[in-house]
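Trainee: As a plain string of letters, each chain reads:
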Amino acid sequence: MGWLNAVVQGVLLGGLYALLAAGLSLMFGVMRIVNLAHGVLAVVAAYMGYFLVDKLHWSAFLTLIVVIPAMAGIGYVLQLGLLNPALGRGGLAPILVTFGLAVVITNLLQQFFSADTHSIQTGTIATDSIHITDDISIGVFSLLTFVVGVVVIAGLQMYLSRTRGGRAMRATSDDKDAAQLMGIDNKRIYAKATAIALGIVGLAGVFLGMRTQFSPTAGDATLIFAFEAVIIGGLGSLWGTLIGGMVLGVAQAVGAQINPAYGILIGNLVFLAILAFRPTGLLQKAVNS
Amino acid sequence: MSIAENLKVKRATKSSWAGLVIAIVVVALLAMGPYTFGRGMQQNLVILFSLIVLGTMWNLLAGYGGMVSIGQQAYIGIGAYGLVYIADTLGIDPFIAVPIAVIIAGIFSLPISFLAFRLSGGYFAIGTWVIAEVVKLIVEQMDVLGAGSGVSFMALTTLSPGRRIAYVYWLSLIAVVIAVAVTYLLMRSRLGLGFTAIRDDAVAAGSLGVRVTRSKRIVYVVSGMGCALAGAMIAANTLRVQPESIFSVQWSAYMIFIVVIGGIGTIEGPIVGAIVFFALQQWLSDFGVWYLVILGLLAIIITLLLPRGIWGLISGNGRIRLFPVGYRIANPLEKFALIKPAATPEE
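Residue numbers (the working numbering), protein chains in the order written: chain V, 7 to 295; chain W, 29 to 375.
None of these hints come from the bench; they were simulated from the model. In this text the structure is predicted, and so the values were computed from the model without any measurement. Errors might be hidden in some of the hints.
Negatives, chain W to chain V, calculated, CB over 10 Å [as the list claims (entries may be wrong)]: (1) Gly47; (2) Leu58; (3) Gly66; (4) Val96; (5) Leu118; (6) Ser141; (7) Ala153; (8) Arg218.
Reference excerpt, derived from the structure (chain W facing chain V, CB under 7 Å, subset only) [as the list claims (entries may be wrong)]: (9) Leu57; (10) Gly150; (11) Tyr151; (12) Val158; (13) Val162; (14) Leu165; (15) Ala281; (16) Val288; (17) Val317; (18) Val321; (19) Gly324; (20) Leu325; (21) Thr331; (22) Leu332.
Note that beta-carbon positions come from the ideal geometry of N, C-alpha and C, so glycine has one too.
Extracted from the complex, chain W is given alone in its bound form (with noise of 0.2 Å):
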């Protein structure tokens, strides 16, 4: 009898067990938003939201799979111009418009991913911006979707403005479930696992059986249709879509900020730099840009000297973990050693 047979492997933690708490109460409250929360605040939660689906994105991304895009704007543009072509154009329910428009991202970022994988690290960044310009340029040549001055989203105007903010509100807080959720539960999987041991050393993780390419692509997929759910939630909260704003690259900025600000790599990093994104963003609205010159150091500077970010500070460099999707050992080898000091033969 080994003493390895003796160990027991566990995911959840006393921390992991307190976050689902938490996190069911959070969502349960911030449910309630429509009946407590004034019209303004509904809508400014919607950015919220849509930054923390975003930075979720993002993270899964370059966090996990170790891509960093500076293109998830064409995804998000899709998503937004999606629902408004379904809902609009084509007269499908708004709520149904969005799971097709999310869809459609996902069907468009296949091929696209065969495209920008052959590039890697920093050129793959620039080559995912230029995929998203180009996006954009065909877009601006649509006249079905309102060409270089964009198009408003009608299909929600019949609903009177209270219901209207408040659906939108409730689909946000859905969206940001379904993102943070999936997120999880993916690293979780064995395609988590995969990715850990892609990201500590890709060419022994290949030639162990970890498909490495396929797990990327996979990745690559579920963000830009992460970022296509952003886009619609963007779209219906705004009620306009413009090529020159949704297909910015400002996009890509503010994600990347949000999560090396966060914590990269950890689902909890992203929700807490987006909560700080946002924060900064309207506490420093009447100074101009310098939020972005700001965040822009704050990144630089997190980077190269706090690499995990404020989720790292606050947990302790991991010792917290609200969503646990690594694997631990419930009673360690020394402790083991201690209740019985030699490992007996037995049989």
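Just chain V, with the same shape it has in the complex (with noise of 0.2 Å):
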């Protein structure tokens, strides 16, 4: 019976997708920006993750102390200097913007660490793990993952929902300018979210990278995944989008589990037939777009 165990991987899959996609969601849901950078950004992370490993020899969960960081600083800096500037050209803008600097990362990647592929090692935690029933053992790095995820939606929530900086997200988001009027600075309001997003892509990206072998075209498939778990949870939901990848993650375990091939095409069509039968997601909050 590997259908069963198919599922709890898939749901422990998940969590990293909801991983992925929270910054998406955010950047989404306060400026209305679809970044189709953020896949290529989360393999960023990664290839630091690596470097800081590989070449000078730290544990693999020491690096998050730095990449988080360096991220977080990238997307202020990258809101202030492109971003920003994008939103005031109109719509298409934003998204003509962040696809150049996606195709320009990714390119660059190439450049420098060549099209292999290279993972991050963790030791011991990649192969450990819990033994339940005879067919079932979970994965502690996969459990890590998941609980990881769950904390930082969480997380997220709480800052936007109970916080002094939250409220003033979610009043930007909600009418820019009448926030403006009460004090708020949008512009900056909007660096800090994007440097929130890309800090937790700064997290992703790493467990990612310790997860799975990448490559720098590795971005195109984290955009879709994160996309699909976005869209599949419903719009302005971050619990949604925990919904949303972990759907996906059983999605394309349970494909995988009929033919190694299926996988994420079974994923795809999931979250077409999503997008026919619900377009407003499984957890849909009212967003205008």
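Starting from two chains that each stand alone, build the complex the way the hints lay out.
Mentor: Structural data, given as structure tokens:
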């Protein structure tokens, strides 16, 4: 009975997808930007982790204390330097700018790290597992990723609903002109939101690099999976994104159980089915785009 | 008698008549290509022609329809595989197989549009990409299409190489003329006027009777068919179709760079952009993928600082129009006022 195991592994994989998708969801929620460079930025974080572990011999989890702030800093600068100006240029500009950025970064990674695959060495945690029944055993690393995913989503939700900074972000999202009249500096709020989003991307990217092999073009699939998690869950709902990630993870794992070549295809088809029959997502919150 | 009745509205300008003459001369000269150019040159020009078709089709979608797709490679692949399957497996004449493949792409694009149109903006972009990935993953499972390793295009290999290359060259030149002409005529029509209104204010346009979604769907289908035409050109030029390359998102990057650099929302822009793109690609081909880094940076800078692109610079922000799709007043009011100072009420 591999099916139950596939479902369990899929749910745990969903934690990683939710982690990858949280930043995408946050940026869209606050400023209606769909960051097409999101996936490749996660891969940049994975390369940072790889560099620190492989060349400077850091331990894998220690890299997070450098990668997360570095990615957050990149996010802050990126927003002030490129995305805020793009927002002022109308609807197509942020899409075109983030797409251009994705192509530039992907090809730069290719120049500097070649097209070969790499991974972040984690030691024994990669293979440790908890034995549940004869059919099901849960990898310690998968479980850790899932827990981190849930904690990040919960923390972000808490930040947005309970803190002053989060309130300012929601206010800006609801009505940026009114928020500005109340003394909120939108551009700073946006920069802060992107910094948080990319900090989470940094975390997610390192976990991605620890889990699988990656190459410069891995950002493509990463962006697609994160996007599918967001849409399946429903725009504007962070808990929805977690559910969406889990649905996608289960679809892929069960698909791969049918035939290893079908995993990603079935994930995509489940996404298209949700789009066709429940376009507002599983947990929908009213959002005007 | 009001002033308005004395105003003449015209569409063509001096530059557009000149443009028409230039276009006819250029196409006529290019048509002699097989007699003057070598085979390698012809094959390179077919690549350039396919880039012009792709850029023109992407511009139709984004520049006029406001839809940024990064999944048009789905239709490039359908066109390429369609041509090979219809010509090789079904044994239909390749030059008839091309329009059939294009129509098939149109038939596919209609139901796909209903799915894709559930998303908007950046999510529409990624959604179209997912659809292209799904098409690729399905093709990779189909043994009749060579599954993961792809197919070779055999139907044209019965011709001598010189003849084959010349035919493909002429076919591609015709494809460019058709793509540009269709875009021009569409944008001059009522549909184009509707798009101008949608671009300015979609809600207001809708309330005045512009059928927003229907207009977008027409453009989406036409763009899919045009991309399939380019896909057929690419297959006929390279004689090999592989899923990983024909369904690569790289094509979308090419299209976006061509249109953004050339000038989005104009018919001339993608032509200029394709020439610039092609030149950079050839010129920097020894330096790996640096041309994509440079083009990406160029696209970002142009989007932020020069939204009308290179054609905007050349044409003085639209004063020169080779393809006039708008309306202009032949004798503007101020001129009118100088000739007849007071609009004397008659009758």
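Trainee: Does each hint hold? Answer for all of them.
Mentor: Do the hints match the structure? See the list:
Listed as a non-interface residue, Gly47(W) keeps its Cβ farther than 10 Å from every Cβ of chain V; the least gap is roughly 26 Å. Consistency note on Leu58(W): stated as away from chain V, and its beta-carbon is indeed over 10 Å from all of that chain's, at 30 Å minimum. With a cut of 10 Å on Cβ distances, Gly66(W) stays outside the contact zone with chain V, its closest approach being about 31 Å. Residue-level check failed: Val96(W) sits 5 Å from the nearest beta carbon of chain V, not beyond 10 Å.
Every C-beta of chain V lies more than 10 Å from that of Leu118(W), the closest at about 27 Å, which supports listing it as non-interface. Distance to chain V confirms Ser141(W) as a non-interface residue, since its nearest Cβ pair spans about 12 Å, more than 10 Å. Its closest Cβ contact with chain V, about 6 Å, brings Ala153(W) to no more than 10 Å, contrary to its assignment away from the interface. With a least beta-carbon separation of about 24 Å from chain V, Arg218(W) lies farther than 10 Å from that chain, consistent with its non-interface assignment.
Interface hint status for Leu57(W): violated, as the beta-carbon distance to the closest one in chain V is roughly 34 Å, over 7 Å. The interface hint given for Gly150(W) is met, as the beta carbon of that residue sits about 2 Å from the closest beta carbon of chain V, less than 7 Å. Among the interface hints, the one on Tyr151(W) holds; its C-beta lies about 6 Å from the nearest C-beta in chain V, closer than the 7 Å criterion. Look at Val158(W): its Cβ gets to within about 6 Å of chain V, closer than 7 Å, so that hint holds up.
Annotation: Val162(W) was flagged as interfacial toward chain V, and the flag holds, the nearest CB pair being 5 Å apart, inside 7 Å. With its C-beta approaching chain V no nearer than about 4 Å, Leu165(W) sits inside the 7 Å limit, and its interface hint holds. This hint holds: Ala281(W) has a C-beta 5 Å from the nearest C-beta of chain V, less than the 7 Å allowed. Interface hint status for Val288(W): upheld, as the beta-carbon distance to the closest one in chain V is roughly 6 Å, under 7 Å.
Nearest Cβ of chain V to the Cβ of Val317(W): about 4 Å, under the 7 Å cut. The hint holds. For the restraint placing Val321(W) at the interface with chain V, the shortest Cβ-Cβ distance is roughly 5 Å, inside the 7 Å limit, so the hint holds. With a cut of 7 Å, the hint placing Gly324(W) at the interface with chain V holds, because the nearest CB-to-CB distance is about 4 Å. Because the smallest distance between the Cβ of Leu325(W) and any Cβ of chain V comes to about 6 Å, under 7 Å, the interface hint for this residue holds.
Using the Cβ-Cβ criterion of 7 Å, the hint placing Thr331(W) at the interface with chain V is satisfied: the shortest such distance is roughly 5 Å. A hinted interface residue such as Leu332(W) counts as satisfied when its beta carbon comes closer than 7 Å to some beta carbon of chain V; here the least separation is about 5 Å, so the hint holds.
Consistency note: the structure conflicts with the earlier hints numbered 4, 7 and 9.
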